[in-house]
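Peer 1: Go ahead and model the full structure; you've got the sequences and the hints to work with.
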Amino acid sequence: MTRDDIKDLILEIIKDIDEDADFDTLQSDQPLRDQLDLDSMDFLDIVMELRKRHKLQIPEEDYPQLASLDSCVNYLEPLLKNA
Amino acid sequence: MDSNQQRIVITGVGLAAPNADNLKEFRKKLLAGVSEIKEIDLRYFGPAPAGICTFNETRYRKKKENKRGTRAGCLGVYCAHEAMADAALDIDYYDRSRIGVYVGLTEHGTVETENEIFNISQYNYDVNYWTHHHNPRTVLNNPPGEITMSLGITGPHYAIGAACAAGNASLIQGVQMLRLGEVDMALAGGISESTGSFGIFASFKAQGALGEAEDPRKACRPFDMGRNGIVVSEGGCIYVLERLEKAIERGARIYGEIVGYCINSDARDFVLPYDKRQAECMQQALNRAGLQPADIDIINTHATGTRQGDIEECKAIRQVFGEAPSTYINNTKSIIGHAMGAAGVLELAGNLPAFEDNMVHPTINVSNLDPECALPNMVLNKPTRLKSVSTILNNSFGMVGINSVIIVKKYEG
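In order, the protein sequences belong to chains A and B.
Residue numbering for the first sequence follows this note's numbering, starting at 4 and increasing by one per position.
Residue numbering for the second sequence follows this note's numbering, starting at 5 and increasing by one per position.
Keep in mind the hints are simulated off the structure, nothing from the lab.
List time: in silico PhoX-like cross-link candidates among lysine-lysine, alpha-carbon distance up to 25 Å:
(1) Lys67/B <-> Lys18/A
(2) Lys71/B <-> Lys58/A
(3) Lys55/A <-> Lys68/B
(4) Lys55/A <-> Lys10/A
(5) Lys67/B <-> Lys10/A
Peer 2: This is the structure in structure tokens:
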């Protein structure tokens with residue numbers, strides 16, 4: 004997957020969690036949690052969806068890597084390079 | 005006579021029934037005998053008649069919250085907000101830490117567990133795919149807890165499990181907590197999401213107790229010779245309960261006063277009802293209310309449309325009300341099916357407007373009355389107008405031998 008594909012994937016998953024989520028003013032380098040109505044259970048939803056869609060097992064110590072859209076892309080790029 | 009602090013009144017009703025999402029519409033359809041029971045297609049089970057509620061699920065919370073929570077929570081949040089609005093109560097009128105939320109549930113977690121097992125079946129039963137939402141969704145306090153989160157209530161909340169007597173049991177709990185001075189206002193009632201569980205339908209079918217008919221609206225036929233079982237419905241009904249003194253002080257509209265109640269146990273059988281204990285339960289509720297059988301204007305029966313259940317209840321009514329020629333008898337399940345944990349409170353709510361309109365809504369679908377169920381003054385197939393209605397007795401019984409009775413009296417100042 005390209006970096007843009009990964010970005011779209013994350014946004015699609017967030018949209019599944021909260022279809023009212025507004026991405027218009029989303030800053031990709033800022034924490035998702037501060038900008039969208041997301042909490043720890045929502046992040047677990049993101050982790051679960053990555054597992055379901057791409058068989059990714061993300062270890063708990065890596066969860067902070069999913070904080071912002073940019074950090075998600077950086078973290079997932081090598082894991083999804085063949086996806 | 006209790007002081008006004010010990011007298012507990014109903015000042016608000018919020019409901020979601022299979023044929024209405026508010027009391028006014030509910031009453032209108034009950035009087036007209038309008039059933040909206042329909043056929044649904046259940047995973048693994050196939051088609052079955054069921055009562056499904058249609059209401060504005062996002063009126064009081066976001067889609068995201070409905071997705072995270074449970075169907076029972078969604079029903080509960082809607083009903084609780086509607087009850088507050090109906091009572092014309094702002095959430096800050098009472099100290100939020102002095103409001104109690106008591107919700108009766110026949111069962112909870114069945115739907116969520118079935119859904120999750122189906123989910124992991126898509127992943128070869130790998131439990132790594134089991135959702136982290138499972139526990140907060142299935143804890144028994146989930147539905148009342150979702151209500152407290154939505155309304156910002158910080159007083160006590162818990163669910164009461166009492167099979168199909170649970171709605172009444174929670175109403176009784178609310179009355180008791182107000183009388184004890186534990187809370188100043190209670191949101192009390194019952195909820196059912198049972199139509200989402202194939203297991204509940206399959207279990208009734210295995211027991212030979214699942215109602216069916218070519219026209220699903222005729223599948224629930226209490227007291228009729230042709231009855232063949234229960235129609236499972238979802239639903240919710242939450243009441244605002246206040247002390248009479250406070251209700252008068254704020255000029256609240258008062259639906260009625262809860263003057264008598266009783267809960268007892270058969271101590272006998274897992275599923276079979278027992279007329280003797282049901283009669284004792286009705287008698288004890290009358291004693292608590294200081295009323296004679298002849299003082300009761302309407303008995304709203306529990307009858308679910310099973311052969312033995314209906315007969316046992318009619319036997320119990322005969323024992324207590326044999327000498328009560330002015331007591332009329334009806335059944336709400338014939339119109340809305342069996343809303344399990346919500347049944348007692350939903351059925352009682354549908355009858356409360358009788359204090360204003362003096363009408364008794366009918367039991368529908370009775371074309372051939374079972375002689376073993378025949379009682380004087382059964383209101384069958386069409387409504388009956390009485391000179392006045394001032395007392396309603398509501399029966400609600402459940403599996404593993406639990407009986408509950410509530411008596412509500414018209415408040416006349």
